Amino acid sequence: AQEKFTLKMAETWGPNFPIFGDTTKSMAEMVEKMSDGRLTIRIDSANKHKAPLGVFDMVKAGQYDMGHSASYYWKGKVPNTLFFTSMPFGMTADEQYAWFYHGGGMELMQEVYEPHNMLSFPGGNTGVQMGGWFNKEINSLEDLQGLKMRIPGFQGEVFAEVGVNPTNIAPGELYTALERGTIDAVEWVGPALDLRLGFQQIADYYYTGWHEPATELQFLINQKAWDKLPADLQEILRVAMRTAAYDMLIHSTHENSKAWATIQEKHPNVQIKKFPDEVLNAMVKANAKLLAEAAEGNPEAAKIIESQEKYLRNARNYTDISLRAYLNTMAEIED
Amino acid sequence: MIGIVMFVVALLMLMFGFPVAFTFGGLALLFGVFAEGMDLFAFMPFRIMSIMQNTVLMAIPLFIFMGIVLQKTKLAEQLLESMGRLFGGLPGGLAMSTIIVGALLAASTGVVGASVVAMGLISLPVMLAHGYDKKLSCGTICASGTLGQIVPPSIILIILGDVLGLPVGDLFRAAVIPGAVLIGLYLGYIIILTLLKPNMAPPMKRINDDTRSQEIVKALIAIIPPLALIAIVLGSIFTGIATPTESAALGGVGALGLAVAYRQFSFKLMWQSAQDTVKVTAMVFAILLGATAFSMTFSYTGGDYILEEFLLSLPGEKWGFLIFAMLVILILGFFIDFVEISFIIVPILAPVAEALGLNMLWFAILIAMNLQTSFLTPPFGFALFYLKGVSPPAVRTTDIYTGVMPFIGLQILVLVMLFIFPGWFGMSS
Amino acid sequence: MRWVIALDNLLARISYLCGWVASAAFVLMIFNVFYNVLARYVFSEVSIGMQEMEWHLYAAVFLLGIPYALRTDGHVRVDVFYDRWTDATKAWINMIGAIILVIPFSYLLIHYGYSFTVESYALGEGSGDPGGLAYRWIIKSLLPVSAFFLATSGLGMVTQAIRVLKLGESYTSDKSAGGLA
Ligand code: NA
Ligand code: NA
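So the protein lines, in turn, are chains Z, U and L.
Each residue of the first sequence is one higher than the last, beginning at 1 in this note's numbering.
Each residue of the second sequence is one higher than the last, beginning at 1001 in this note's numbering.
Each residue of the third sequence is one higher than the last, beginning at 2001 in this note's numbering.
Derived by calculation from the structure, the hints in this document are not laboratory data.
Since the structure is predicted, the reported quantities are computational estimates derived from the model, not experimental observations.
Worth double-checking, as some hints may not be accurate.
20 Å max Cα-Cα, derived SDA-like pairs, lysine to any residue [what the hints assert, rightly or not]:
1) Z:K75 / L:I2138
2) U:K1268 / L:E2125
3) Z:K8 / U:A1035
4) Z:K8 / Z:V78
5) Z:K25 / U:P1347
6) U:K1135 / L:I2138
7) Z:K25 / U:P1167
8) Z:K75 / L:Y2016
9) Z:K8 / U:M1360
10) U:K1268 / L:F2031
11) U:K1268 / L:G2124
12) Z:K136 / U:F1238
13) Z:K8 / U:I1306
14) Z:K25 / U:D1162
15) Z:K75 / L:F2031
16) U:K1135 / L:V2080
17) Z:K8 / U:D1039
18) Z:K75 / L:G2124
19) Z:K258 / Z:V128
20) Z:K289 / Z:L312
21) Z:K136 / U:T1239
22) Z:K266 / U:I1348
23) Z:K25 / U:E1309
24) Z:K266 / U:F1238
25) Z:K75 / L:S2044
26) Z:K258 / U:D1162
27) Z:K266 / U:P1422
28) U:K1268 / L:Y2016
29) Z:K266 / U:A1035
30) Z:K75 / L:S2127
31) Z:K25 / U:I1348
32) Z:K8 / U:G1302
33) Z:K136 / L:S2127
34) Z:K274 / Z:N328
35) Z:K224 / U:G1302
36) U:K1318 / U:L1361
Some chain U residues flagged as far from chain L (calculated, every beta-carbon gap over 10 Å) [stated by the list, open to error]:
37) G1131
38) M1200
39) E1246
40) L1361
Where a beta carbon is used, it is the ideal one built from N, C-alpha and C, also for glycine.
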């Protein structure tokens, strides 16, 4: 009989967390079937390891062989991990996958993770994330001044540049804080996951996204654990991760459309809003400034940013005459 | 299997009287290292870090501090005594005041450790000083202190919302009536008990020769400052000035302010209160640390899989399933904490409940009510440990264990009512 | 026996020092939270750095409080039998418990807490949020440091037990507070 392998995987999410958690489960199932049981993946959710944001360290140290998380969570540890999730005003999911697999993105990502004895692979995409739930309408830059918003990470820095007060609120107190006006706005994910937290019951304005146009999760693998696998199992794992990641993108589309229909039907109070041009232009400027700062004295960051920007320009030219042109055509016909 | 052996050994070891926290933690280590090797403990720093970053738990030291300052300045005593007097010569007045204060705390937060310890500091000495039965006093405090888990806002409900995929707002609304019924039953129980056995909760002696109206005026005056404090805490939450956690800090600073206003403030008072706060906080968190080590060993030695297998063998018909599920949660509640139950057990039960076509909101409230009971059940109920940590030596563990029994009974009564007549609580099955 | 007394007194002083630092951290924490609420509500200003300082201080309160509470007997015991036992029996329970439960537990926390901290230091880890605090290794180092003090408090339980067993001292003095009082 051939040797059997088991990989232990820690995920940042709780058990049965929709969409994200389904992705790891389906990946593990595929691996097991494709390898005829020679490779098993055992998933530990956050309730078991109790360290949602310790996945990086635990996989690096080999306490777990694999992880499922999002690269930008490690920004405080390794700043250049930031670029492999989604950047404000950045690529769409299609464009970003193209960049990863055909435009040199994977190689750049590997460069960042290699010193930490890990491999990183795309781990599923949420699609365009919504811009957040607001208690009041935003009509001008003025309205953003001093606005208290739960918005973490780099995206929070961009908001901070235009006058927002990014605020920490424990997830358990988020609903109450928004309901009672302790904070004015919350950024979460998209209809499917937001619906569960009930924000539609307490906030009227649901803004469209700009800050995370294609949030990509990640699979992390400890280098030693990877090296131990025979080549055929490595390939099975690689294919299963890639399939599961793509599957999450369409699963997100499916669940979000369902959830949005529910919100429209049951919560007519919710209005979709777009940030005014004045605000968006200020954010574009802020984003550019912060990226320039990140690139300064950090050649690796400079290289990644340049690669992304160059790829985006080129891919967007094509998106404009294909997807955008199609959507515009459809919109005209419907009118 | 190792997990189960570990439970039994812990149960026996606790009887030696070595500190609970380190009995849990040390046994977790002995069993964990034996089964999995030393490296199992490499997970501990991450678990402790999660507790360090859990800012909701920060309410615990803050509320403890407020309680200690109120106790040291005797303002708490005044509050309870005057509330007791307002209930007139009625026996049981202090106990009822305790329940009401507990309900108010419950409506402002949901952190059991904070409520039980604060109430233990504030009302236990007063009740004992007025000749209340030790068991009754302890039971009242533990039960009122755990109300926070069912009365919204509640951490159990937020976690259940996450696990079951239900909007938090719906859960909060659904929990209002069951919570109110529970509070009503607690009060009713005290009234009936004191009618039958007035000696257990004697009425407070009249001071001097005050007439009833003079007494009421005095009581109203005494009640104002602490009531103002409660208004600050609740008010800041309901107006959104502060999160529940932060409101606890406002309460603490407010208590210092009251001490200044009543010319009782000194830096010594503040420092001693801080030291006592540290000691009580350490007691609570040591238990959390020991418990996290314990549950780590339990699940990494395969305990979670054994539980899962067992649950999947539950009967598949509606009432049979529900009764078994509730019994399992109730019994597990004796041993493991509610977060574990919510994250390990509930996800296994949920698909079955859904397949049986149960109203998931109702199912969630049943679970929440059940989990609340688990804080009170000996020998591992956290509320019992917390109260023990702040009670004078004269109060023994057995007093607390027997004191909570009637209240556990009342909780189970509400659970059964909710189970059989969901309509009474504004829900459908 | 004189060295046992000297050692015991030294260990007590270390534990009390932990309590002093934790108490100071608590006072800072309560005013830190108060200030943050005030700043947000009155001046509409939020600093994530100041918000993070809250949990840094809160972690110091309980991590350093635990060894202090161990020395002052602030940890809950199930006293169903314990209260009725003689001081000698209590001394044996405390000594054996400290040696097989507390000290090994502290040792593993020191061991793994140390690598946990070193990793954070090597990465130069800081907050990933806007305006958050840098040098996360400092707060992480509190874990092995407090575990070290837990071990010294555990050792203190042993020296205390020896004083009770060999010198006939009793547990009912100020060393045993029986809860808060
Ligand atoms: Na998001
Ligand atoms: Na509550």
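So, going through the hints one by one against the coordinates:
1. Z:K75 / L:I2138: Holds, at roughly 18 Å.
2. U:K1268 / L:E2125: violated, 39 Å
3. Z:K8 / U:A1035: holds, 18 Å
4. Z:K8 / Z:V78: violated, 24 Å
5. Z:K25 / U:P1347: holds, 15 Å
6. U:K1135 / L:I2138: violated, 46 Å
7. Z:K25 / U:P1167: violated, 24 Å
8. Z:K75 / L:Y2016: Not satisfied, since the Cα-Cα distance of roughly 39 Å exceeds 20 Å.
9. Z:K8 / U:M1360: Roughly 32 Å separates the two Cα atoms, so the pair is violated.
10. U:K1268 / L:F2031: holds, 17 Å
11. U:K1268 / L:G2124: Since the Cα atoms of K1268 (chain U) and G2124 (chain L) sit roughly 40 Å apart, the hinted pair is violated (cutoff 20 Å).
12. Z:K136 / U:F1238: holds, 19 Å
13. Z:K8 / U:I1306: holds, 18 Å
14. Z:K25 / U:D1162: holds, 19 Å
15. Z:K75 / L:F2031: violated, 30 Å
16. U:K1135 / L:V2080: holds, 15 Å
17. Z:K8 / U:D1039: Between K8 (chain Z) and D1039 (chain U) the Cα gap is close to 15 Å, so the pair holds against 20 Å.
18. Z:K75 / L:G2124: holds, 11 Å
19. Z:K258 / Z:V128: Holds. K258 (chain Z) to V128 (chain Z) sits at ~16 Å (cutoff 20 Å).
20. Z:K289 / Z:L312: holds, 18 Å
21. Z:K136 / U:T1239: Measuring from Cα to Cα gives roughly 17 Å; hence the hint holds.
22. Z:K266 / U:I1348: violated, 29 Å
23. Z:K25 / U:E1309: Holds, at roughly 18 Å.
24. Z:K266 / U:F1238: Roughly 26 Å separates the two Cα atoms, so the pair is violated.
25. Z:K75 / L:S2044: Violated: K75 (chain Z) and S2044 (chain L) sit about 27 Å apart, past 20 Å.
26. Z:K258 / U:D1162: The hint holds at about 19 Å.
27. Z:K266 / U:P1422: At roughly 24 Å apart (the allowed maximum being 20 Å), P1422 (chain U) and K266 (chain Z) break the hint.
28. U:K1268 / L:Y2016: Distance ~17 Å between K1268 (chain U) and Y2016 (chain L) Cα, so the pair holds.
29. Z:K266 / U:A1035: Not satisfied, since the Cα-Cα distance of roughly 52 Å exceeds 20 Å.
30. Z:K75 / L:S2127: Roughly 8 Å between the alpha carbons, so the hint for K75 (chain Z) and S2127 (chain L) holds.
31. Z:K25 / U:I1348: Roughly 15 Å between the alpha carbons, so the hint for K25 (chain Z) and I1348 (chain U) holds.
32. Z:K8 / U:G1302: This hinted pair holds, its Cα atoms lying about 14 Å apart.
33. Z:K136 / L:S2127: Given that 20 Å is the threshold and the Cα spacing comes to 29 Å, the pair is violated.
34. Z:K274 / Z:N328: Roughly 18 Å separates the two Cα atoms, so the pair holds.
35. Z:K224 / U:G1302: At roughly 25 Å apart (the allowed maximum being 20 Å), G1302 (chain U) and K224 (chain Z) break the hint.
36. U:K1318 / U:L1361: With a Cα-Cα distance of about 16 Å, the restraint between K1318 (chain U) and L1361 (chain U) holds, given a limit of 20 Å.
37. G1131: With a cut-off of 10 Å, G1131 (chain U) remains clear of chain L, as the shortest Cβ separation is near 19 Å.
38. M1200: Its Cβ never comes within 10 Å of chain L, the nearest being 23 Å, so this holds.
39. E1246: violated, 5 Å
40. L1361: Given that every Cβ of chain L is farther than 10 Å from that of L1361 (chain U), nearest at about 34 Å, it holds.
Checked against the numbered hints given earlier, the structure breaks hints 2, 4, 6, 7, 8, 9, 11, 15, 22, 24, 25, 27, 29, 33, 35, 39 and satisfies all the rest.
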